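Chains B and D are the protein sequences, given in the same order. Using our numbering, read the first sequence as starting at 1 and increasing by one per residue. Using our numbering, read the second sequence as starting at 1 and increasing by one per residue.
Careful, some of the hints might be misleading.
Same chains, same names: a pair is fine if it fits in one copy or spans any two.
Here are the simulated DSSO-like cross-link-like pairs (lysine-lysine), alpha carbons at most 30 Å apart as the crow flies [stated by the list, open to error]:
1) K78 <-> K321
2) K308 <-> K298
3) K157 <-> K306
4) K222 <-> K105
5) K171 <-> K6
6) K16 <-> K308
7) K103 <-> K336
8) K308 <-> K18
9) K360 <-> K177
None of these hints come from the bench; they were simulated from the model. Here the structure is a predicted model, which means the values were calculated and not measured.
Number of protein chains: 2
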Amino acid sequence: MQILQKSKKSKARTGKLKTSHGVINTPFFMPIATKGAVKNLSTYDLDELGTEIILANTYHLYLQPGEKLIKKAGGLHKYMNWFGPILTDSGGYQVFSLAKIRKIKQDGVEFQSHLDGSKHFLTPEKSIQIQQDLGIDIMMALDVCPPGDSNQKEIIKACDTTYEWAKKCFKAWQKTKKKQQLFGIIQGGIYKKLRDQSLKQITSLDFSGYAIGGLAVGEDRKDMYKVLEYIAPKLPENKPRYLMGLGRPEELVFAIKQGIDMFDCVIPTREARHGRLYQFCTQREKGAIKLFDNLAYKTSIIKNEKNKLDFSPINNKSEVKLLRQYTKSYLHHLFKIQEGLGLRLATLNNLEFYLDLMRKIQSAIRQGKL
Amino acid sequence: MQILQKSKKSKARTGKLKTSHGVINTPFFMPIATKGAVKNLSTYDLDELGTEIILANTYHLYLQPGEKLIKKAGGLHKYMNWFGPILTDSGGYQVFSLAKIRKIKQDGVEFQSHLDGSKHFLTPEKSIQIQQDLGIDIMMALDVCPPGDSNQKEIIKACDTTYEWAKKCFKAWQKTKKKQQLFGIIQGGIYKKLRDQSLKQITSLDFSGYAIGGLAVGEDRKDMYKVLEYIAPKLPENKPRYLMGLGRPEELVFAIKQGIDMFDCVIPTREARHGRLYQFCTQREKGAIKLFDNLAYKTSIIKNEKNKLDFSPINNKSEVKLLRQYTKSYLHHLFKIQEGLGLRLATLNNLEFYLDLMRKIQSAIRQGKL
């Protein structure tokens, strides 16, 4: 990763990350295409939003339609008609959060599919093989991600296994032509000591980048902020730093100030489906949440009665034609009648907000404002 | 309506129908935007399909969001961001098929909303007022549409009421500035005598066009064909002829040969949502249904296993980029994971098929092939 500018006000930095499918400006946010599609959008919609990279889920694609089918299709890019960079998680997180039964063994994790109950055994080597078959740009090492309420003993065990698996993933990756990047994941829960140890272990392997896992998994937000503030600046400076699964706009700003470069989160797409819209606003507005400098945002529920007669555009400053042309009143109606176009418009709105936020942050770092 | 060419092989004709929002080539098919949106499409999608006119439902829009709100928005065109012609039905059909309880009275029909059970009274005058508030291009007169298994006595009664209401609608329309067109509807079930009588009654009023209602409502298809063959050519020649609610592609071809100019039907959009795709094919192909000349079509179920490994485009001859770029295999996957983009692609495919069919028919009439 090429760092172009470091902030003097915080640990924030901006730069460029090269991948096989293009260069991405950092810091960046990855819209989530869990099962090989960003819900309710086409890849042309993603283009129109100025999306630079998306995230897909190894666990889901492995089960359905299967990585071998995607390989036959010419890889995930071709399969889903998206030709920008793609990052996939390792499948670990979903095994722990979705699978019916899972049993961690030394060599990997045994689990039952949440779809049909079929039995599978995911090993570090298997995870790399799947991600290679998918042909994506950035692979993640298989890790153990314990829930936020785990005790210290459980976290220690998760860290140990994560390290063992990281070594195996690294070894499997070394055998390949290394066209794809591989990131290691640091665990350790809310325990600084364990984070330090995991950091030491994982960074002893020369991964393409490093991720902080095991945050925003149910722990107290204050604890999360403390851990993040503590560990993020310790990550190797010349490599991309990825905070997995976060977060709200203000959390992204906080994390970027600690030196984080990469994010993914379901919030913009999931909340769009529930009709919650994100928009920038002035800091004085009711419900405004401050971000940085003069920037703030607020959210609103499109189904609320007050939107019924609001004939102003969904977002008159949007770069997306649909958001300039369709009104809040009409979007309110679309949600009332449960029409698919409503989900598409709300998703476009929220992703544009998140991607714009990252562009504003990049610009603010360059201008010394963050 | 301006007739440009009459077929020598059949009673088919091609021409142009002027409306306040543009001229439409006949014969034409109207995609259905029941509640003010063609399900799963944006109006830009409709543009890309070359859609010339759409149909919306008075009953639905009256109940939700209400015609007064749409009037405030500047009319239905502005409200739904569609600036081509719109036809609305009168609401009669939905009152009879959807409303919980309905009671036909001399002055109109009393019904309970299928949404919240609220009581409403729809009169001919009220139907015209609603359609005027919507500000659409072609209004339909309020009629009584009895089910296909009604006995002759019930049909006679329906015809009588339809005529009484047609006169009232006509009168209400006469009082307006007549910027909008108003079509009368001919009833009479499968009884030629009753159709003749209804035709005589309705055409005694100088409507902008005439529709055949009460077909494809559950009667035998042979009976429907017989009635259509009998009554369609008797409709005034210089006015547009609209067959309501039909139908399958071969039914459209049959009706056009009897001199019909206008159609609407839920088939392409509804079947898209169930993953049934329409496509043109050669007459020799398995499952081919002959249309005219060398033209045939077939349908296929995208969820069928055979599509799983079909990496060919959904339609490589499509004018719609998405249908050329996304594969059948991927669309199969989208349906398996119940992803909204799948519904959009299937809807685009089927509407393009129906609109293409009409363009092919227009061309065939001009070339003397139909």
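Legend entry - Homo-oligomer pair classification [K177, K360; C-alpha up to 30 Å]: Intra 37 Å, inter 53 Å, cutoff 30 Å: neither.
Inset, instruction - Go through the copies and call it for K16 and K308: within, between, both or neither, with a Cα cutoff of 30 Å. - result: The answer is neither: 43 Å in one copy and 38 Å across copies each exceed 30 Å.
Inset, instruction - Please work out whether the CA atoms of K308 and K298 approach to 30 Å or closer within one copy, between two copies, in both situations, or in neither? - result: Classified as within; 19 Å inside a copy, 43 Å across copies.
Inset, instruction - If the cutoff is 30 Å on CA atoms, where do K103 and K336 land: within, between, both or neither? Let me know, please. - result: between (43 Å within a copy, 28 Å between copies)
Legend entry - 30 Å Cα threshold - placement of K306 relative to K157: Neither: 52 Å inside a copy, 46 Å across copies.
Legend entry - 30 Å Cα threshold - placement of K321 relative to K78: both (26 Å within a copy, 15 Å between copies)
Legend entry - Within, between, both or neither, where K171 and K6 count as close if Cα-Cα is 30 Å or less: neither (33 Å within a copy, 76 Å between copies)
Inset, instruction - Please work out whether the CA atoms of K308 and K18 approach to 30 Å or closer within one copy, between two copies, in both situations, or in neither? - result: neither (46 Å within a copy, 33 Å between copies)
Inset, instruction - Could you figure out if K222 and K105 sit no more than 30 Å apart (CA to CA) within one copy, between two copies, both or neither? - result: Neither: 33 Å inside a copy, 68 Å across copies.
Comparing the model with each earlier hint shows violations of hints 3, 4, 5, 6, 8, 9; every other hint is respected.
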